[in-house]
Amino acid sequence: MSITVTLRGRTVVGGCTEGEALVTRDTISGWGGVNPMSGTIIETRHELRGRSFKDKVLVFPGAKGSSGWSAVFHMTRLTGTAPKAMLFNEMTTKIALGAVVMRVPSVTDFDRDPLTVIETGDWVKVDADRALVEVIKGRSRAGHGG
Amino acid sequence: MKLTDSERAMLDGHEGKAKRKAMELLVRYAQALGADRFVDTHNVAGVPGSYSPLLLNYYNATAENAYDVIYSRFDLDSDEVVEVPRVTVSSCHLQGGVDPENWQTLGAKPEALQMSQESEAAAASHGIRILKTCTPYLAGNVPVKGEHCAWMESSAVVYCNSVLGARTNTEGRESTSAAMLTGKIPDWGFHRDENRFASHHISVEVDVESVMDWGMLGYFVGATVQERIPVLTGRFNRPDLVRHKHFGAAAASSGGVEMYHLVGITPEAGTFEMAVGQGVSNRCQPQVITYGKPEQQRTYDELNSKASDRNVDYVMLGCPHAALEQIEKICRFLEGKRISTHCNLWIFTSRAVRTVADSKGYTRIIRDAGGALITDTCSAIGQAIPPGTRVATLDSAKQTHYLPAIMGIQAWFGSTRDCIDAALTGRWNGARP
Chain A
1 MSITVTLRGR
11 TVVGGCTEGE
21 ALVTRDTISG
31 WGGVNPMSGT
41 IIETRHELRG
51 RSFKDKVLVF
61 PGAKGSSGWS
71 AVFHMTRLTG
81 TAPKAMLFNE
91 MTTKIALGAV
101 VMRVPSVTDF
111 DRDPLTVIET
121 GDWVKVDADR
131 ALVEVIKGRS
141 RAGHGG
Chain B
1 MKLTDSERAM
11 LDGHEGKAKR
21 KAMELLVRYA
31 QALGADRFVD
41 THNVAGVPGS
51 YSPLLLNYYN
61 ATAENAYDVI
71 YSRFDLDSDE
81 VVEVPRVTVS
91 SCHLQGGVDP
101 ENWQTLGAKP
111 EALQMSQESE
121 AAAASHGIRI
131 LKTCTPYLAG
141 NVPVKGEHCA
151 WMESSAVVYC
161 NSVLGARTNT
171 EGRESTSAAM
181 LTGKIPDWGF
191 HRDENRFASH
201 HISVEVDVES
211 VMDWGMLGYF
221 VGATVQERIP
231 VLTGRFNRPD
241 LVRHKHFGAA
251 AASSGGVEMY
261 HLVGITPEAG
271 TFEMAVGQGV
281 SNRCQPQVIT
291 YGKPEQQRTY
301 DELNSKASDR
311 NVDYVMLGCP
321 HAALEQIEKI
331 CRFLEGKRIS
341 THCNLWIFTS
351 RAVRTVADSK
361 GYTRIIRDAG
371 GALITDTCSA
381 IGQAIPPGTR
391 VATLDSAKQT
401 HYLPAIMGIQ
411 AWFGSTRDCI
421 DAALTGRWNG
431 ARP
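Protein chains in written order, with my numbering: chain A, 1 to 146; chain B, 1 to 433.
In case anyone wonders, no lab produced these hints; they're calculated from the structure. Computed from a prediction, not measured in an experiment: that's the story for all the values here. Any given hint could turn out to be false.
[Said to hold, decoys possible] Simulated restraints on C-beta separations: (1) A/G14 to B/R37: 16 to 26 Å; (2) A/T4 to B/C284: 53 to 63 Å; (3) B/G361 to A/D109: 29 to 39 Å.
[Claimed, not checked] Each computed SDA-like pair below joins lysine to any residue, with the alpha-carbon atoms no more than 20 Å apart: (4) A/K84 to B/R28; (5) B/K360 to B/P387; (6) B/K337 to B/K306; (7) A/K125 to A/E47; (8) A/K137 to A/G50; (9) B/K293 to B/R283; (10) A/K54 to A/R10; (11) A/K137 to A/R103; (12) B/K145 to B/A66; (13) B/K337 to B/D301; (14) B/K306 to A/R112; (15) A/K84 to A/R45; (16) B/K306 to A/I42; (17) B/K329 to B/P404; (18) B/K306 to B/P404; (19) B/K306 to A/D111; (20) B/K306 to A/V5; (21) B/K2 to A/T11; (22) B/K2 to B/A66; (23) B/K306 to A/R45; (24) B/K306 to A/L7; (25) B/K17 to B/A66; (26) B/K306 to A/E20; (27) A/K125 to A/D111; (28) A/K137 to A/H46; (29) A/K137 to A/E20; (30) B/K360 to B/S305.
Here a beta-carbon is modelled for each residue, glycine too, at the ideal position from N, C-alpha and C.
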């Protein structure tokens, strides 16, 4: 049985999409932290090391590290490995610019912490135009894909 | 957004298509941030129009149109290629490409050198100063207190805000390229007084003296405060430029520190109360975090957790790019000696500093010892290490953070002296503090 939870936030980049959540409590480095050819996290000791965010709804605290953040995430758009959407807590220039040039629906400033509400594997519908996020809990990946 | 008449004119295309595209990107960026106006900037540091084989192929660019194509499509995120005019404000190119004198040492192919030189020539012909360094403040671009800048390069950003008291956010390639054409950047974050106060208080309870000590402290601070602003008090003396450089670079890589205060030392921290904005509305007392011997040792262990083999084949120094005094110090350790035949020694710096190093004979001392003084790039940025490298040693916490992840090698962290000893003997004998 699935439960739906709705989060309200602020639009960073508009657009609508849906997909499977990939959630991390670690901030993400762009340059030196992500391989833009595969969308894979490469940072040593990152909890998502070796995982790719390609086609996922990426849920994370925010960006850190090099000013190459936007250019690396921009490259993921070119290589087709970008996430489908980004939901995050901490606004920075890196992530704002990265979201803009990646052109993926992005939302921040939520009424509830997305890191506690959303778990990896949840199905997430993102309406970034209205800054609304619908999280479908307990809906298995197989169930949806089937 | 509140736009001035001149900003509106650029957005409406009255100053040409390129400025229109630049303003469109800046407006999207400002809206994403939640900024409602722009600030004027006359000091921009980025990597405008830089080529890479991937970008050239992706956009089907040729040598003739590459600058316009890449600047339009990638830098300005425009779907259409526009003719890119000269920059309108003081603009410099940070690190990138290959050193035209040491490209063969770096293992670059002739085509890579050619691409780097074409890209550089195109940028220069559009009015961009080719500094080719992550330390523009050591190569003639030294902003004054209060100056609004739009800089890339996290280690330069933290230096600009903290040491110089100028104002910049960590900008990216796209925002700096847009600012070079328009002289505008969102009025957000560090451009505003209320965002420059410390939120975390680091109480330093172990002596912090050497460049290595400052690097470890920076690495701890970044990991602890993430992108917040720390104020530091305790057992340290006034750091010099090199210590600031290593501290800030480390804090900006383990976290996202863009500004820090040292009470009585940095320009906006005359007193502790000034640093934390006491008396300013909505300011709360900063959280206190202790950095003592256990935290220092834990930081050292963490930095050295990516190495186990003490046989070293590569020593890399100059992250961020070496200052002249660092090169002098290296030469004092190296003069009259030869590095191990099993080991390579590469030292990275800016073209400006190398010109002085050349004239003082330092470049020759390094070469005679078997090393190389290289400009424009570094091992992480250029993804260039000597062939067959398995184990590197580094005196930069920042480079130690990045290089093993990027190149898949082991890396030891220690003092410059530890690194030079490793270069001479081929063995790592660095000691835990």
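So, going through the hints one by one against the coordinates:
1. A hinted range of 16 to 26 Å for the beta carbons of A/G14 and B/R37 is consistent with their spacing of about 21 Å.
2. The hinted window of 53 to 63 Å between A/T4 and B/C284 is violated, with their beta carbons roughly 36 Å apart.
3. Checked against the hint of 29 to 39 Å, the pair B/G361 and A/D109 fails, with Cβ atoms roughly 57 Å apart.
4. With a CA separation close to 19 Å, the supplied pair A/K84 and B/R28 stays within the 20 Å bound.
5. At most 20 Å may separate the alpha-carbon atoms for a hinted pair to count; B/K360 and B/P387 exceed this at roughly 30 Å.
6. Pair hint B/K337 plus B/K306 does not hold up; C-alpha atoms about 29 Å apart against a cutoff of 20 Å.
7. Distance check on the hinted pair: A/K125 and A/E47 sit about 24 Å apart at the alpha-carbon level, beyond 20 Å; violated.
8. At roughly 25 Å between alpha-carbon atoms, A/K137 and A/G50 are farther apart than 20 Å, so this suggested pair is violated.
9. Straight-line distance between C-alpha atoms of B/K293 and B/R283 comes to about 31 Å, which puts the hinted pair past the 20 Å bound.
10. Straight-line distance between C-alpha atoms of A/K54 and A/R10 comes to about 23 Å, which puts the hinted pair past the 20 Å bound.
11. Our distance criterion of 20 Å between C-alpha atoms is broken by A/K137 and A/R103, whose separation comes to about 27 Å.
12. Between B/K145 and B/A66, the direct Cα distance comes to roughly 37 Å. Violation of the 20 Å bound is thereby established for this hinted pair.
13. With a C-alpha separation of about 31 Å, the suggested pair B/K337 and B/D301 falls outside the 20 Å cut-off, and the hint is violated.
14. Taking the CA atoms of B/K306 and A/R112, the gap is near 37 Å; set against the 20 Å cutoff, the hint is violated.
15. A hinted pair counts as satisfied when its Cα atoms are at most 20 Å apart, and A/K84 with A/R45 does not qualify at roughly 25 Å.
16. For the given pair, B/K306 sits about 14 Å from A/I42 by alpha-carbon distance, which is consistent with the 20 Å threshold.
17. A threshold of 20 Å between alpha carbons decides the hint, and for B/K329 with B/P404 the separation of about 26 Å lies outside it, so the pair is violated.
18. Distance restraint check for B/K306 and B/P404: the Cα-Cα separation of roughly 7 Å lies within the 20 Å cut-off, and the hinted pair is therefore satisfied.
19. Between B/K306 and A/D111, the direct Cα distance comes to roughly 40 Å. Violation of the 20 Å bound is thereby established for this hinted pair.
20. Using a Cα cut-off of 20 Å, the hinted pair B/K306 and A/V5 is violated, with the two alpha carbons roughly 41 Å apart.
21. Using a Cα cut-off of 20 Å, the hinted pair B/K2 and A/T11 holds, with the two alpha carbons roughly 19 Å apart.
22. The straight-line distance between the Cα atoms of B/K2 and B/A66 is roughly 35 Å, outside the 20 Å bound, and the hint therefore fails.
23. Proposed proximity of B/K306 and A/R45 is supported: the alpha carbons are some 10 Å apart, at most 20 Å.
24. Distance hint between B/K306 and A/L7 is unfulfilled; the C-alpha atoms sit about 40 Å from each other, more than 20 Å.
25. For the hint linking B/K17 to B/A66, the alpha-carbon distance of about 17 Å falls within 20 Å, and the restraint holds.
26. Taking the CA atoms of B/K306 and A/E20, the gap is near 33 Å; set against the 20 Å cutoff, the hint is violated.
27. The straight-line distance between the Cα atoms of A/K125 and A/D111 is roughly 16 Å, inside the 20 Å bound, and the hint therefore holds.
28. Restraint check for A/K137 and A/H46: not satisfied, since their Cα atoms lie roughly 25 Å apart, outside the 20 Å limit.
29. For the hint pairing A/K137 with A/E20, the CA-to-CA distance comes to about 11 Å; that is within 20 Å, so the pair holds.
30. Only pairs whose Cα atoms come within 20 Å are accepted, and B/K360 paired with B/S305 is rejected, the gap being roughly 38 Å.
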